[in-house]
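Chemist: Spelled out, the chains give:
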Amino acid sequence: MSGTSSDAMEQSGRTRWVRYLVLALVAFVMLYPLLWLIGASFKSNQQIFTEVGFWPQNIDFKAYAKGWKTSTEYTFATYFLNSFLIAIPRIIVTVISCVLVAYAFARFEFWGKKFLFSVMVATMMLPLIVLRLPQYLVFRELGWLDSYLPMIVPSAFATDTFFIFMLVQFLRSIPRDMEEAAQIDGCNSLQLLWHIIVPMLKPAIISVIVFQFIWTMNDFMSPLIYLASVEKYPVSLALKMSIGATEEVEWANVIAISVVALIPSVAVFFAAQRHFIEGATSSGIKG
Amino acid sequence: MYDNKRLGFLYVMPFVLGVLLFKLFPFAMSFALSFTQYDLIDSPTFIGLDNYRELATEDPLFRKSLGVTLWFAALAVPLRVGFALLIAHVLNFKLRGINFFRAAFYLPSILGGSIAVAVLWRFIFSKTGLVNLMLAKLGMTPIAWLADEHYSMWTIVLLFTWQFGSAMVIFLAALQNVPISLYEAARCDGANRWQQFWRITVPLITPVIFFNMIMQMVHAFQEFNGPYMITEGGPLSSTYVLALYIYDQSFRFFNLGYGAALSWVLFALVGGLSLISFWSSRYWVFYAGEKEKSR
Chain Z
136 MSGTSSDAME QSGRTRWVRY LVLALVAFVM LYPLLWLIGA SFKSNQQIFT
186 EVGFWPQNID FKAYAKGWKT STEYTFATYF LNSFLIAIPR IIVTVISCVL
236 VAYAFARFEF WGKKFLFSVM VATMMLPLIV LRLPQYLVFR ELGWLDSYLP
286 MIVPSAFATD TFFIFMLVQF LRSIPRDMEE AAQIDGCNSL QLLWHIIVPM
336 LKPAIISVIV FQFIWTMNDF MSPLIYLASV EKYPVSLALK MSIGATEEVE
386 WANVIAISVV ALIPSVAVFF AAQRHFIEGA TSSGIKG
Chain Y
9 MYDNKRLGFL YVMPFVLGVL LFKLFPFAMS FALSFTQYDL IDSPTFIGLD
59 NYRELATEDP LFRKSLGVTL WFAALAVPLR VGFALLIAHV LNFKLRGINF
109 FRAAFYLPSI LGGSIAVAVL WRFIFSKTGL VNLMLAKLGM TPIAWLADEH
159 YSMWTIVLLF TWQFGSAMVI FLAALQNVPI SLYEAARCDG ANRWQQFWRI
209 TVPLITPVIF FNMIMQMVHA FQEFNGPYMI TEGGPLSSTY VLALYIYDQS
259 FRFFNLGYGA ALSWVLFALV GGLSLISFWS SRYWVFYAGE KEKSR
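Those protein sequences? They're chains Z and Y, same order as listed. Here the working numbering = 1-based position in the first sequence + 135. Here the working numbering = 1-based position in the second sequence + 8.
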């Protein structure tokens, strides 16, 4: 499938080079801020404000050490741990609930299926901000404020509908032969799900894990609303704190710690890059 | 087994509960709240349409915020989608290193929502930040990007556009499904590249353009991190988007009823624009055969 129309784009050497040039230029402009950020993290406060180039003249880890310590009584080790304490349980419950629901949508016939499917698509377009306030009141009523539950429990109910959609699209493209064979051999639906569906869904599940990890690391509004104690802050909130504390921002430290904050997401992105860009793509329109 | 209706319903159960508990119930609740005055201390009192009346007639900040939000969406959505299509088009040919470029263009859309990138942005556009350093090198006068109300909006629009990668990969997949025979036929008829793009590529992927426009519009109307972290809504409320106003009213001033009313205005706005788009799509979105409709 891939490359069908690219053959039509086979062309003379000159246009080819023009394309390369355009792409390289755009990529450079887009990535330069990130490159510069990395370079700046090794510079002194004074150099940051005077150097356009990203390559630091001398490597200096002082900003990292200072930024890591923070002006609070906790170090970023605590904040990273907190972020993972939110992300990991959330990913686990997301995968379980979304795979179950996607399995139902893609394979089973049941009453109200079409209606529920359109509800799912509709909720993808629902601006979440409308729900923030009442959700806050509900979690307050439940006594969940200042805990990680508001960020984890909803995901156990497949509320991240984008993932269901992605998994359904993926499942639909898989023929049912294997499942039929296994059924004849006497597998029940759960065995089928575990032994046949899940292994085939692996690339899509990896996409779910990567997306959910990065989105949870990026998530800022939920912890901002739900968490009150500094000791429970995730990285995103701690970063905001480091910039908001004083008028005089120690930019070198803030920049160094921003680089560190991006490392987990970037690492996960590159580790699973191939899989999950394809997963993201197939969620769109390939039906 | 797959026509065991109870089994299917059992598996879809988490979703049904999730929608009811965490989507539909809060949704209805926020609607109800929007007719009340509520400050978390005293119990809510019903005040009818007063919140809506107030925001429509007595709240200049709301009007400002609404304008800012619409202006932001009007700039940011076409820029992001347009860029995504353009780059996807350039990227769609036999190319060594396509994976590298695809990843490079995709990366910002993954990181762009993070606070770390917002911090970076704030720094780049600060008075003595990278952009002004570059301008100075070129002999131009520096611009107060974040302090001048004529430029502040552009910094967050740029951040939004920068994250065009997720829309781009969706375009790329669609472009790769355009049958090559169409281009060959067009070339035989003497169509140049420009004509091929506008007469073949664009009409064939209108469903995807439509999809991306809608999804990005929903995102744009909820943009929060950028304005909150980079410009803090200012200067002179020039980047005070509705999401920020809703947050302030609800979680800083604890005017929960008013916050709910504001969020329903935002919802009505997004819903209304989506409906208009769906209605207009009859005239410009082209679905090829049964494939798309078979769902």
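Treat the hints as calculated values from the structure; they're not laboratory data. Don't be surprised by glycine CBs; every beta carbon is placed ideally from N, CA and C. Don't take every hint at face value.
Stated by the list, open to error - Straight-line alpha carbon distances no greater than 20 angstroms define the calculated EDC-like cross-link-like pairs of lysine to aspartate or glutamate that follow: (1) Z:Lys-204 / Z:Asp-312; (2) Y:Lys-145 / Z:Glu-186; (3) Z:Lys-248 / Y:Asp-11; (4) Z:Lys-375 / Z:Glu-208; (5) Z:Lys-375 / Y:Asp-256; (6) Y:Lys-135 / Z:Glu-366; (7) Y:Lys-135 / Y:Glu-240; (8) Y:Lys-13 / Z:Glu-244; (9) Z:Lys-375 / Y:Glu-240; (10) Z:Lys-249 / Y:Asp-256.
Said to hold, decoys possible - Here's a subset of chain Z near chain Y, in silico, CB distances under 10 angstroms, partners left out: (11) Pro-168; (12) Phe-240; (13) Phe-245; (14) Ser-324; (15) His-330; (16) Val-333.
Chemist: Would the hint linking Lys-375 (chain Z) and Glu-208 (chain Z) be met if the CA-CA limit is 20 angstroms?
Modeler: At roughly 16 angstroms apart (the allowed maximum being 20 angstroms), Glu-208 (chain Z) and Lys-375 (chain Z) satisfy the hint.
Chemist: Measure nothing beyond the straight line between the CA atoms of Lys-375 (chain Z) and Glu-240 (chain Y); if it is 20 angstroms or shorter, mark the hint as holding.
Modeler: holds (12 angstroms)
Chemist: Could you grab the alpha-carbon distance between Lys-135 (chain Y) and Glu-366 (chain Z) and see if it respects the 20 angstroms cut-off?
Modeler: violated (33 angstroms)
Chemist: Mind checking the CB of Phe-240 (chain Z) against every CB in chain Y and telling me if the closest is under 10 angstroms?
Modeler: holds (7 angstroms)
Chemist: For the restraint on Val-333 (chain Z), tell me whether the closest CB of chain Y is nearer than 10 angstroms.
Modeler: violated (13 angstroms)
Chemist: Taking 10 angstroms as the limit, does the beta-carbon of Ser-324 (chain Z) come near enough to a beta-carbon in chain Y?
Modeler: holds (6 angstroms)
Chemist: Is the Cα-Cα distance between Lys-375 (chain Z) and Asp-256 (chain Y) 20 angstroms or less?
Modeler: holds (17 angstroms)
Chemist: Restraint: Pro-168 (chain Z) near chain Y, CB-CB cut 10 angstroms. Satisfied or not?
Modeler: Constraint on Pro-168 (chain Z) satisfied, holds at 6 angstroms.
Chemist: Given the hinted pair Lys-135 (chain Y) and Glu-240 (chain Y), is their Cα-Cα distance within 20 angstroms?
Modeler: Holds, at roughly 16 angstroms.
Chemist: Should the hint that His-330 (chain Z) touches chain Y count as held when the rule is a Cβ pair under 10 angstroms?
Modeler: Since the shortest Cβ distance to chain Y is 14 angstroms, the answer is violated.
Chemist: Hint check: Lys-145 (chain Y) vs Glu-186 (chain Z), CA-CA at most 20 angstroms. Holds or violated?
Modeler: The hint holds at about 10 angstroms.
Chemist: Can you confirm whether the C-alpha distance between Lys-204 (chain Z) and Asp-312 (chain Z) stays at or below 20 angstroms?
Modeler: violated (57 angstroms)
Taken one by one, the earlier hints fail for this structure at numbers 1, 6, 10, 15, 16, listed in ascending order.
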